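Student: The residues making up each chain are set out below.
Number of protein chains: 2
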Amino acid sequence: MKLATLDLGGRDGRLALVSRDLARAVLTTGIADTMQQALDEWATLAPALSALSDALNAGTAADSFPFEASKALAPLPRAWQWLDGSAFHAHGELMAKVFGISNPQHDQPLMYQGMSHRFIAPASPVPFPTEADGIDFEGEFAVVTGDVPLGIDAGAARDHIRLVLLINDWSLRVTGRAEMATGFGWVQAKPACSAAPVAVTVDELGDAWADGRIHLNLLVDWNGKRFGAAHGGAMGFCFGQLIAHAARTRDLCAGTIIGSGTVSNPDYREVGSSCIAERRGIEILDDGAARTGFLQFGDRVRMEALKDGQSVFGAIDQQVVKA
Amino acid sequence: MKLATLDLGGRDGRLALVSRDLARAVLTTGIADTMQQALDEWATLAPALSALSDALNAGTAADSFPFEASKALAPLPRAWQWLDGSAFHAHGELMAKVFGISNPQHDQPLMYQGMSHRFIAPASPVPFPTEADGIDFEGEFAVVTGDVPLGIDAGAARDHIRLVLLINDWSLRVTGRAEMATGFGWVQAKPACSAAPVAVTVDELGDAWADGRIHLNLLVDWNGKRFGAAHGGAMGFCFGQLIAHAARTRDLCAGTIIGSGTVSNPDYREVGSSCIAERRGIEILDDGAARTGFLQFGDRVRMEALKDGQSVFGAIDQQVVKA
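Chains as they are written, first to last, in the numbering used here: chain R, 1 to 323; chain B, 1001 to 1323.
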């Protein structure tokens, strides 16, 4: 199934199913009003959602209409919990080298809790107070869980994955360095994330879902120019391990979003990066200094992932603006 | 006004007003069903809530009933955002000394984003997976905000404070040290917090609300023995400054909870502490080694604040149990 949230009133919008080719949509009227409601009652509601999805894809769903991805909200316009990992070892090792840290952590995932009371719609302008904060994007894959019990193991955790998302985790690098030094993690450096318009179930990914990882390239364009196309299969920890890490001392509520961290590959010089900080790190290692600046107001950032030439999640395509 | 959430079904419970002496309550039927709803529409609903509160305190409210604090939920059983500061300089300086950090940060508040999809009811048992994590309590005051715009200053921020809470921010110290070292902040070390049953408006505090601070002693008892009675007036940053810090790069949604961090006073050897970690720090400074151990399963922790001999928020009184 592919699902989206349409901007039809209320902070949580209205849930819709979207056809595999993203061409048409149908409201889930009578089944669930919102994405959160569908997640809260997934076991009960999934059969009816699935039947309607099949009808939509067969062209037999009544009341279907053209899907306008640019008018969708984030699949979850707000969520009770956003826990973002840093699961790509290539990125961690590079950053450790740049900052002179001897041992990047590989025995368990890095993870922080971020702002979840708003996820920005995929075509909305994204406001920041000042360019001086070092505005950066971070292309990530993420999963949305159902209710997850405390103490679950990584294998069982995978069964609680309900949906897969494409996320831009906007990051303020100047602010972020200062916040990291406190040990308290990020608040000011991590304002709201953006999300691609369509959430997909793992079965929808076919062979692009394997080993608890998303085997797709995350295409990142900055002002119309390809910046990165790193592959999601290179995660050092799979999503099951990230969920188990999050649930070691707490249970997770339905609608918890777990992020992979910046998608990054060991051959980053060839495939590019999913954030500017990583490219700057490569420049520092190669040339002794970073040449690439952070984002400026007016810049556009686009993210998408294709399978067999077709957009899986729809695109995030946004302009950075002054708040 | 004093408000509480009663366990009458649903994850968000039912909103009630509570009399000043915590003896009686009345449901806010017809005004607002839940605390979150009251916060979302505060400007519109506050006059009717206030009128009903006046009637309750005058003994003229129809359908009032005895308030059983031990059966209340947390005032906000779940919240969209929990941002916890560390605003008491005495605590920060002590911890810096113990850990050999030269310059504790005093130019701006320390803050992390914590778990907010559940706040534990004031008399519920509190489950943890293992004593080996170093289970500790942290007594704090907190405020609940309305909608706060990005970029607000500290003075204006105070006008967005809707309610004051008493919180126990449960902390796992062994896990926490490792998570701090990553720079990503705490996830496993900070499971759900507990909250005292009654949320109060600032006008209800009288002269105990001044300078954006709560001028009350936070009484902490561990297994029936007084452990601390530190005063909330010693905050190095006021709640207006904490809100402004949180809102520098994001707006805050109604129902955001902002915590003070562990209440701590410079004369901690006399007044005691609001967490075990602080007492252990004092022992390390005085005697070279910590004597006091962390919590064990079966231990009880009680927190309360009195004004003129009367409980302001009701008590948190809980037992630590094995998950």
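These are computed hints drawn from the structure, not numbers from a lab. Since the structure is predicted, the reported quantities are computational estimates derived from the model, not experimental observations. One or more of the hints may lead you astray.
[Stated by the list, open to error] If you want the ones that stay clear, here's a sample from chain B, every Cβ over 12 Å from chain R, calculated:
(1) P1066
(2) D1251
(3) I1284
[Unchecked claim] Per the computed footprint, the stretches of chain B lying under chain R, defined by three or more beta-carbons under 8 Å from a beta-carbon of chain R, are:
(4) 1048-1060
(5) 1109-1120
(6) 1152-1166
(7) 1172-1184
(8) 1243-1250
(9) 1261-1273
Note that beta-carbon positions come from the ideal geometry of N, C-alpha and C, so glycine has one too.
Student: Hint by hint, say whether it matches the structure.
Tutor: Hint-by-hint comparison with the structure:
Chain R leaves P1066 of chain B outside its interface by the beta-carbon criterion, the shortest separation being 32 Å against a cut-off of 12 Å. Consistency note on D1251 of chain B: stated as away from chain R, yet its beta-carbon is not over 12 Å from all of that chain's, at 8 Å minimum. Every C-beta of chain R lies more than 12 Å from that of I1284 of chain B, the closest at about 18 Å, which supports listing it as non-interface. Interface restraint, the region 1048-1060 of chain B with chain R: violated (0 residues with C-beta to C-beta distance below 8 Å; minimum three).
Against chain R, the region 1109-1120 of chain B contributes 9 residues with a C-beta closer than 8 Å to a partner C-beta. That satisfies the three-residue criterion, and the hint holds. Counting residues of the region 1152-1166 of chain B whose CB lies closer than 8 Å to any CB of chain R gives 0, which falls below the minimum of 3, so the coverage claim is violated. A count of 7 residues in the region 1172-1184 of chain B with a Cβ less than 8 Å from any Cβ of chain R is obtained; the coverage claim is therefore met, three being the minimum. As drawn, the region 1243-1250 of chain B meets chain R at 5 residues by the rule of a beta-carbon pair under 8 Å; at three or more, the given contact holds.
Judged by the Cβ-Cβ criterion of 8 Å, the region 1261-1273 of chain B is not covered by chain R as claimed, because only 0 of its residues qualify and three are needed.
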